[in-house]
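> Residues per chain are reported as follows:
Protein chains: 2
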Amino acid sequence: MHAEVVQQKASLESIQSACSCSAGPAYKLFQGVGTRKEAETAEDWQSADLLIKWSVHTIPARRTICHPKEWSEFVTVICQGWAVSSITLSDGRRQILSFLLPGDFVSAASLVEPISDRSVEAVTEVTYRKFKRSDFKALLVEFPDLTERLSTIWLDERAQADQLALDLGRRTADERIARLILNLMERLAMRGMVNVQTMEFPLRQRHIADATGLTPVHVSKVLGEFQRADLIEINNRSLIIKNEKELRRTADWR
Amino acid sequence: MHAEVVQQKASLESIQSACSCSAGPAYKLFQGVGTRKEAETAEDWQSADLLIKWSVHTIPARRTICHPKEWSEFVTVICQGWAVSSITLSDGRRQILSFLLPGDFVSAASLVEPISDRSVEAVTEVTYRKFKRSDFKALLVEFPDLTERLSTIWLDERAQADQLALDLGRRTADERIARLILNLMERLAMRGMVNVQTMEFPLRQRHIADATGLTPVHVSKVLGEFQRADLIEINNRSLIIKNEKELRRTADWR
DNA sequence: CGGATAGTTGAGTTATCTCAAATGCAGTGG
DNA sequence: CCACTGCATTTGAGATAACTCAACTATCCG
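Chains as they are written, first to last, in my numbering: chain V, 6 to 259; chain W, 6 to 259.
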């Protein structure tokens, strides 16, 4: 309804650039793929086999992108804005599994099979693209390199999941929140979205709470302490890291 | 050192039976694979391409199977006994990511790339088999079906990881422990290792604590309550579920 | 300007932790 | 076979991190 939809056919190269962010998994997945065919002419790139259809959508903040039980035939890539992927219990308790930034797949797993039980929701206004999974799989057959890369991305996601469990099971509130901030900063930095320790920070405290397994009230208190201790400063939906060293210490980083 | 090693060559069929447990992922991975070749003769199964080497190892309880930084070229399958896969912080805090039962791969991810940072440790005496990853990958090329199945197993593991995060972030101690028990019972039942609600239960309370993000002391208290409430009974390293319905309720199961 | 959503702060509560002591139990060496 | 050492479990008492509730303020958006 609120989605503006554009349908296009595209070459591999343009798929890549469609993936927005040169540091995101989506871009990396396609980067340099096709080198196996470099002896052949550029026209090959334009052959029908390499064409893929996508659609572009834009939705306002707080809207749902995928519903938990949706069994979609599409693969989604975030192109602009922040989103969040979570599971919710029937009584409303919610756990955020990851924040999605430009260039992220909603989940690498979704490239191969529809994901279930997770819901994805826009934090800011979000622009995303959708590919048909079957088109994508055809590419996988065409370019075996892709499979190799896919598994790398997948592995990465799993390492993230392991760290999440460790954080939730074994770290204090201060550590969890500090690491969340550092983690986001690192990911944004790779995308060139950090400027002298300053980044956009559209998250509500409720998002931080659901990501760290805490309460919004408690998040507020911890962020308050962090600010009073001059570790960070939050203003106008942007966050400045004022004392990275100390923040890392409280995060028990490395 | 304590490992008794046997090297063998094996056909696909025998790989499968080597994977011990007809309900484990390892067995399922190979089940029915090769149907694409059913028009051909049985000799094909014995062709050199299908041979793979494995070694069998047995280690006593509490010994380490893989060290965190080990970058092994092998894929490991648990054949007998219980093991545990975990990450540990430098200060000793530890999070168990999964319990490994007969027929489980140490991690599906390890089939494609060496895993890092996780350590695997025997709970009971454990027998496991090791394949060379490169041999395994050769099979993947030979049998495209395998890739499809592999991704199913992988997806499963990810769903498990999501649930773990939800449990650790958003559930109470009682819920976490009850679910752990039910979860193990379900997995053991698939393997035919449960008899009238009774199962082997070699876990120390320390394992339960590290899996649920709690303290051994608190685990003891909760298990005590469960027993006093006649939900379960623990004796001689075996566990009986005496009131499954109520246990499920406290687990908030389904 | 008004209504909704988000954040702050304080007071009191609770789940879980820490510490510590007592008991049990299993394997070891004399 | 026993005493001994080391691990596992139980139990209680007290401490604390994080939660709930509630009131107040700030911010955003139409």
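By construction, these hints were calculated from the structure, which means they are not laboratory data.
Treat the hints with caution; some may be incorrect.
What the hints assert, rightly or not - The list that follows gives simulated cross-link-like pairs (lysine to aspartate or glutamate, EDC-like), each with its CA atoms no further than 16 Å apart:
(1) W:K142 <-> V:E78
(2) W:K142 <-> W:E238
(3) W:K250 <-> W:E153
(4) W:K135 <-> W:D150
(5) V:K33 <-> V:E130
(6) V:K142 <-> W:E75
(7) W:K135 <-> W:E191
(8) V:K142 <-> W:E78
(9) V:K142 <-> V:E78
(10) V:K135 <-> V:E180
(11) W:K142 <-> V:E153
(12) W:K142 <-> W:E153
To be verified - Per label pair, the in silico range of CB-to-CB distance:
(13) W:E249 <-> V:Q85: 44 to 54 Å
(14) W:I245 <-> V:Q168: 35 to 45 Å
(15) W:K247 <-> V:R98: 22 to 32 Å
(16) V:G229 <-> W:S60: 40 to 50 Å
(17) W:T69 <-> V:I239: 39 to 49 Å
Unchecked claim - So these bits of chain W aren't anywhere near chain V, every CB distance computed over 12 Å:
(18) H62
(19) R99
(20) R123
(21) G229
Where a beta carbon is used, it is the ideal one built from N, C-alpha and C, also for glycine.
> How does the Cβ-Cβ distance of G229 of chain V and S60 of chain W compare with 40 to 50 Å: does it lie in that range?
violated (57 Å)
> Has the given pair, K33 of chain V with E130 of chain V, been kept, meaning a C-alpha gap of at most 16 Å?
violated (24 Å)
> Could you let me know if the closest chain V CB is still more than 12 Å away from the CB of G229 of chain W?
With a cut-off of 12 Å, G229 of chain W remains clear of chain V, as the shortest Cβ separation is near 22 Å.
> Holds or violated: the 22 to 32 Å window for the beta-carbon distance between K247 of chain W and R98 of chain V?
holds (28 Å)
> Would the hint linking K142 of chain W and E153 of chain V be met if the CA-CA limit is 16 Å?
Between K142 of chain W and E153 of chain V the Cα gap is close to 11 Å, so the pair holds against 16 Å.
> Verify the CB-CB distance for E249 of chain W and Q85 of chain V against the hinted window 44 to 54 Å.
Holds - the Cβ-Cβ distance for E249 of chain W and Q85 of chain V, about 49 Å, lies within 44 to 54 Å.
> Using Cβ atoms and 12 Å as the threshold, tell me whether R123 of chain W really stays out of contact range of chain V.
violated (7 Å)
> With a cut-off of 16 Å on the C-alpha distance, tell me whether K135 of chain W and E191 of chain W pass.
Roughly 26 Å between the alpha carbons, so the hint for K135 of chain W and E191 of chain W is violated.
> When you take the CB atoms of I245 of chain W and Q168 of chain V, is the distance between them in 35 to 45 Å?
Given a distance of about 36 Å, which is inside 35 to 45 Å, the answer is holds.
> Given the hint that K250 of chain W pairs with E153 of chain W, does the C-alpha gap stay at or below 16 Å?
Violated, because 36 Å separates the two Cα atoms, which is more than 16 Å.
> For K142 of chain V and E78 of chain V, compute the direct alpha-carbon distance and say whether it is at most 16 Å.
holds (11 Å)
> Against the 16 Å threshold, does the CA-CA distance of K142 of chain W and E238 of chain W hold or violate the hint?
violated (45 Å)
In this structure, the hints that do not hold are numbers 1, 2, 3, 4, 5, 6, 7, 8, 10, 16, 19 and 20, in rising order.
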